[in-house]
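Residue numbers (the working numbering), protein chains in the order written: chain A, 1 to 455; chain B, 1 to 455.
These are calculated hints, taken from the structure and not from any lab test. These figures come from a predicted structure and were not determined experimentally. Keep in mind that the hints are not guaranteed to be accurate.
Which copy is meant is left open, so a pair is good if it fits within one copy or across any two.
Distance condition first, Cα-Cα at most 20 Å in a straight line; then the derived SDA-like pairs of lysine to any residue [unchecked claim]:
#1 Lys94 to Leu260
#2 Lys86 to Val287
#3 Lys291 to Leu320
#4 Lys313 to Glu296
#5 Lys94 to Asp290
#6 Lys445 to Ala250
#7 Lys445 to Leu260
#8 Lys445 to Gln259
#9 Lys278 to Pro54
#10 Lys309 to Gly355
#11 Lys309 to Glu83
#12 Lys445 to Leu249
#13 Lys445 to Gly206
#14 Lys94 to Gln299
#15 Lys94 to Phe307
2 protein chains.
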Amino acid sequence: MFRLFSQTRRCLQVKRALKRQEWPLRPAHLTAAAQQASFSTASVEHLSRSDSWPKDVGILALEVYFPSQYVEQVELEKYDGVEAGKYTLGLGQKQMGFCSAHEDINSLCLTVVQRLVERSRLSWDSIGRLEVGTETIIDKSKAVKTVLMQLFQDSGNTDVEGIDTTNACYGGTASLFNSADWVESSSWDGRYAVVVCGDIAVYATGNARPTGGAGAVAMLVGPEAPLVLERGVRGTHMEHVYDFYKPDLASEYPMVDGQLSIQCYFRALDQCYSIYRKKIQSQWQKVGVDKPFTLEDFQFMIFHTPFCKLVQKSVGRMMLNDFLAAPNPDTQSGLYKGLQAFRYSAQQLAGSRIGAFSYGSGLAASLFSMRVSQDAAPGSPLDKLLSSLSDLQTRLDARKQVPPEEFAEIMKQREETHHLVNHTPQGSKDDLFPGTWYLERVDDKHRRQYARRPL
Amino acid sequence: MFRLFSQTRRCLQVKRALKRQEWPLRPAHLTAAAQQASFSTASVEHLSRSDSWPKDVGILALEVYFPSQYVEQVELEKYDGVEAGKYTLGLGQKQMGFCSAHEDINSLCLTVVQRLVERSRLSWDSIGRLEVGTETIIDKSKAVKTVLMQLFQDSGNTDVEGIDTTNACYGGTASLFNSADWVESSSWDGRYAVVVCGDIAVYATGNARPTGGAGAVAMLVGPEAPLVLERGVRGTHMEHVYDFYKPDLASEYPMVDGQLSIQCYFRALDQCYSIYRKKIQSQWQKVGVDKPFTLEDFQFMIFHTPFCKLVQKSVGRMMLNDFLAAPNPDTQSGLYKGLQAFRYSAQQLAGSRIGAFSYGSGLAASLFSMRVSQDAAPGSPLDKLLSSLSDLQTRLDARKQVPPEEFAEIMKQREETHHLVNHTPQGSKDDLFPGTWYLERVDDKHRRQYARRPL
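Construct all of the structure, not just a fragment, from the sequences and the given hints.
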């Protein structure tokens, strides 16, 4: 399983409905409560602090990057000589974005971080943590994070915590958790955290190839966020499994046991949902609310998406869990009742709870939730966040469609060139979106040089 | 640069003086303050909590693993045909531990974690987080952490957060910071965190080979620790540099620019120390103490050790920093005055401040400090921690000395076999310490199977 947690179509539709707008974010609290501590020289005394965690820690802003080219899955079915509908209906896939030989994990992350900072009008020294979650390893030692430090160079800000985090598609989620923990801890110095999730998922020719993808997301994390991470409820499930892994280090392609991976995904979903429910019900009981948590208590659900069909099945799976957990299930309530919660329009996002299930093969999985702020008025943090994502459909529409023959040729080129030294990637850079970073050259010592397309 | 932060000899001597003792750790607070939150079903309400961070978050227990064999650097000098003293005096190296073909990063971490849990008499379900910092990547996707979940199997505990963290030798430090932040955050559920730092550092024949090493450390992190992480003072420096990196994914060997790496190490040390001083002086000023922080305010210093000579130079470097930062430096005070602080005997560890400088090429570096608890009485947490490490010298002495010819042969064997499939590592397992996990077999799908030598 390869992609970061993906949003359901419905969530994208919500964002799409709102128009694009750029805005400056207000500076974070630069006087850290963390520093209001007692200390001494002669003897080393205990530091104590009674401040509470900052309010509403979560996601303040989001930036999404995807490649400028894609292949139609309908055409890929024909090209691969499989029955019609195998990819589109069987897997629920429609279009697959993919990277040219000019792009690698570093260039993707450079683009998305610079875009986040520029569009949010942040200063580079307002960032105190930057962490990357990825399984697209092009160097076993040097973190993508260190490559991103090039962006900070002019600001002189090098005091930026966090490095790279890896386990299949779970790395981004772990980074988000780490960053939120940082903001609530004594380590926080009042500045923002930036969480980057990025991957280039490519497969050898065969069954798994249509489930590839590529992209990167950068999230700005701090207090007083419109998407607040709910506290003390997340459920995690970790296990030793060989369902999807990358032991052939010289290849971009993973080893995949597709059927095993689907079983693991569902098992992890069951376990995480069970723990999540237990924790949230325990919180409710403390404030006098005694009812079982069900899928209806989520107004939206986000799933890690190995392929789209699996997400549809996952919703059903969670309803089944509710049914099994209910002491006296109302069998009259109808199969689709639970789906009512997914029929929201844009305005109803405010105040809702969004569940998120993240899965990384190997395996690591968590179910957590975010609460959307109540204030959806124009100019509110929520309005700004949604507005910033309103160009997603336009950007998706602006991608270039590439025929399967060309797609296969580019995949072959990546296979043959992705680890060459003394190498300049071939082909035109003109198809990249404006402002995209790309790999310019790999020198004789494997050092990678990047450049940026003008905005 | 490859090894996790290493302790200076002096620290080892302190521990050596105390006798070995096993002890049960008391269970952590299983009722998490984090869950005392208000919540509701109908609308999703803000979670508020006024509890302060837990007291004295830091390292409760430590476990160290190193291979059972080593090569004498004096002999390696002869074997390599270099001038006498090049490795021993020039680099300050004495003996180099190394792994046989039976060991990989997974087996090292399995051993050290099981040893920590067994010797501390912990239950596997008292652990709520487990994180691994490593740059020894044998799978680009599947985290070492997931392999360690095998140890939890019988307990049924799968709700264990944290995955792997990577940037050269800095991964372990980042994991320690993440885990301490977790304990202070709303994510904490009252259980322990375990931080694992492990690496197998091997170099191609040539200048860098004598700076190799291998080992793993597991740390138990929680509140009321005898080694407390000091709050709000750490200084971090991150930069984009190609001083040491591992772009040849099929090889165990890195690319190294030794001279550049030493420059980077010192630059990072200067930067981190400068930030650390600024932060701690600002804390002091808030409580009315107005004096510059100098090296004398650390009673002990721990350095990341690429090779031992660099650490000696680093101490001098920090004194130079003090001198340059002083408004009216007392040039009469003598070069060695600052070193007085390092002449402590075992009993004086209590109450002291230990500075720690961690460096990972690429680069990521931090200077942070730990405060040692005041209570050193028999049975105190500090006494228990030190006692548990008192067998280090005995264990070092019990290692088997291997002649350079055999060392070179084993290195060659690793080169040729470390990524084979359908492979059983050759040679005898009898030299491994009792209780050591080892790689038993890699099957045709790259899946790794481990076994353990009896205790």
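Taking the hints in turn, this is what the structure says about them:
| no. | hint | result |
| --- | --- | --- |
| 1 | Lys94 to Leu260 | neither (24 Å within a copy, 49 Å between copies) |
| 2 | Lys86 to Val287 | neither (50 Å within a copy, 69 Å between copies) |
| 3 | Lys291 to Leu320 | within (17 Å within a copy, 65 Å between copies) |
| 4 | Lys313 to Glu296 | within (16 Å within a copy, 63 Å between copies) |
| 5 | Lys94 to Asp290 | neither (43 Å within a copy, 65 Å between copies) |
| 6 | Lys445 to Ala250 | both (17 Å within a copy, 15 Å between copies) |
| 7 | Lys445 to Leu260 | between (40 Å within a copy, 14 Å between copies) |
| 8 | Lys445 to Gln259 | between (41 Å within a copy, 15 Å between copies) |
| 9 | Lys278 to Pro54 | neither (25 Å within a copy, 24 Å between copies) |
| 10 | Lys309 to Gly355 | within (18 Å within a copy, 53 Å between copies) |
| 11 | Lys309 to Glu83 | within (17 Å within a copy, 66 Å between copies) |
| 12 | Lys445 to Leu249 | both (18 Å within a copy, 13 Å between copies) |
| 13 | Lys445 to Gly206 | between (34 Å within a copy, 17 Å between copies) |
| 14 | Lys94 to Gln299 | neither (26 Å within a copy, 63 Å between copies) |
| 15 | Lys94 to Phe307 | within (10 Å within a copy, 54 Å between copies) |
When held up to the earlier numbered hints, the structure conflicts with 1, 2, 5, 9, 14 and fits the remainder.
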